[in-house]
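Enquirer: Please build the complete structure, drawing on both the sequences and the hints.
Here's the letter readout for the chains.
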Amino acid sequence: MGKNIVELTGVNKIYGTNHVVKDLTLTVEEGEFLTLLGSSGCGKTTTLRMIAGFEEPTTGSIKVEGEAIEDKEPYERDVNTVFQSYALFPHKTIYDNIAYGLKMKKVPKKEIAERVKEMMELVQLEGFEKRYPNQLSGGQKQRVAIARALINRPKVLLLDEPLGALDLKLRKQMQLELKRLQKKLNITFIYVTHDQEEALTMSDRIAIMHDGVMDQIATPTEIYEHPATKFVATFIGETNIFEGMAKIVDGDTITIGIENGDITGCGADFAAGEFITVSVRPEKMKYSYEPVEGFTIAARIVDYIYVGNIVKCVAELPNKTQVKIERLAGEEVPAIGDVVCLYWNKEDAVLIHNLDNRFYQAVENAVFA
Amino acid sequence: MTKHRFKSKTLPAISMVGPVTIWLLVFVAAPLVYVFIMSFCGLDEFYNVSYHFTLNNYKRLADSNYVDIYLHSLIIALTTTVVCILLAYPFAYIIARTKSRKKNLLYMLVIIPFWTNSLIRIYGWRSLLGTNGWINTFLMNLHLISEPIDFLYKQGTTIFGMVYCLFPFMVLPLYTAIEKLDGSLLEASADLGAKGPKTFFNVILPLTSGGIFSGSIMVFIPCLGYFFVADILGGGNSDVIGNLVERQFQSGNNWPLGAALSIILILVTLILVKIYQKLGGDMDSLGV
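Protein sequences appear in the order of chains A and B.
Heads up: the first sequence at position 264 corresponds to 263 in numbering that gives the first Met the number 0, and the numbers run straight through without jumps.
Heads up: the second sequence at position 276 corresponds to 275 in numbering that gives the first Met the number 0, and the numbers run straight through without jumps.
Since the hints were made in silico from the structure, they are not lab data.
Only a predicted model underlies this, so the values are computations on that prediction, with no experimental measurement involved.
Glycine residues also receive a C-beta, built at the ideal position from the N, C-alpha and C atoms.
Among the clues, some could well be false.
Below, simulated EDC-like cross-link-like pairs (lysine to aspartate or glutamate); rule was C-alpha separation at most 20 Å, straight line [stated by the list, open to error]: (1) Lys-154/A - Glu-186/B; (2) Lys-194/B - Asp-95/A; (3) Lys-194/B - Asp-77/A.
Computed far set for chain B versus chain A, every beta-carbon distance over 12 Å [unchecked claim]: (4) Asn-55; (5) Tyr-92; (6) Gly-132.
Expert: Structure (structure tokens):
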């Protein structure tokens, strides 16, 4: 790790009137496993395809090892792609599929044979050389697709939802295997997925994209515990969102007035009067039958959801907003019908500047009109 | 219970298959059988068909004059097929890979000529290409040429007419094959270091070979029988097997010989289709 291998600077992609990737700047370090995570249509695949060379950025630059590649054809780039549909050549044997890249580069036959053998061992497909892709299972095809890309010793391997077509069990197994391969070969992986669990399990860093904008790039822990935007907070894991206005700023302790009362959180760089989104994970939620300092939200417990090892309690605020409280099975939980005071350790709340709040805009317009 | 279901299922089956079977028997099987029988018949002194068994017709067909024409028509059919592939492949590729609205327009350009009888269209070409035809008149008036060019009655003109008539039959299967091609395979090929031509020969061509083959069958076989093209544009200088058949039934008035020729033509067709099937060709894409 250390030096930057892929650098995207101010990359935009516009199809007609559709602005798919907006001013994206991203650096990937050598040997890193970076995941581009987002729901469908967020621009993550387009970003990957621009790095691979299948799409040209409308503006901006893409560098691999410091060299600008945005004008290069895919076959001139030292990156390889594992496609979502595998894209194995149906008329070629597994051997010929894997050897394809080396044949195109006119590598001597003997070396090709050795390297294919090595690759087949690496992905545990020995003995499948003479088969055709349609004679393999989904998981095996996936391995072939990975071997076919890795044999070229790319500087960066791009993976476009490679496990999307596999069943859950196989997917979990392949996740670990991919991670193992990546560590063993020390190749930079850029991985596209919409599956947050997959991203959290495998990645060194996750870049979360939303509507063509990269909301946050950070380690999985950082993303989960300190989401930078409301979208990230709701997209990764479950959370409770409260929106309100900062009433009192006392050092880094901020009291925020929401529709149903007051809550407290911790954060620097907030001013009184500012609109704030507060995200609190269900497992961090606390309840009390006594008033708690800094919190004046009461809620009635309306439901239980039992999910094996955990229990989710649903509490309802007076304005019908539902709040989830999560506990391990066996831990003490309030009874349905109880009215409790909700609170949390103020460090456990994530405070986010509420910039995209239309209400905030409306207030601002009203005040300054 | 099962008996009841059986009954209610068979009755409609017969009522649906029955008419088709009768239709096929009357309009396809019976004429074929009749042609087959006639090919073993002779002629009486008044050139009427006399129904006695003879192999004379087939013996005559082994005559070197006939064999020359078979070979000649195979060459015409083969050339036509090759020219069609070379012209239709890029055309089909462009239509299949175009994403714009022009796609439908291009597709219609192939289909529209189908709406006019090909005989009429071939006559049209004759009036264009003739010594006093439009093209010669035009070139003469521009003083580009002093003598009219002899377009007609050459083998090349016959092949031109064949290509013109049969071109759509090559485009359509190629179009289907190319459109089915998964775009990500082309991307994968480029990703793995193959430039355009390499991708074409390693991926595109092998994966569309089925289309090329079914197109070839659909051009090659009719080409052997399109006597009117050879007649009108070739003027008897470049006959195909179809001309021989037509002549025996018309001016030659030797139906049994014509029947034997037809049987030969059918056999050639069947052999080609069988080869096509053996190579893994899809019968559906032949439209049969």
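Enquirer: Beyond 12 Å from every Cβ of chain A: is that where the Cβ of Asn-55/B lies?
Expert: holds, 50 Å
Enquirer: With a cut-off of 20 Å on the C-alpha distance, tell me whether Lys-194/B and Asp-95/A pass.
Expert: Roughly 17 Å between the alpha carbons, so the hint for Lys-194/B and Asp-95/A holds.
Enquirer: Verify the proposed pairing of Lys-194/B with Asp-77/A, using a straight-line Cα cut of 20 Å.
Expert: holds, 14 Å
Enquirer: Confirm or reject the statement that Gly-132/B sits farther than 12 Å, beta carbon to beta carbon, from all of chain A.
Expert: Given a closest Cβ separation of 48 Å, the condition holds.
Enquirer: Quick check for students: does the CB of Tyr-92/B sit more than 12 Å from each CB in chain A?
Expert: holds, 18 Å
Enquirer: Would the pair Lys-154/A and Glu-186/B pass a check requiring their Cα atoms to be no farther apart than 20 Å?
Expert: Measuring from Cα to Cα gives roughly 18 Å; hence the hint holds.
Of the numbered hints listed earlier, not one is contradicted by the structure.
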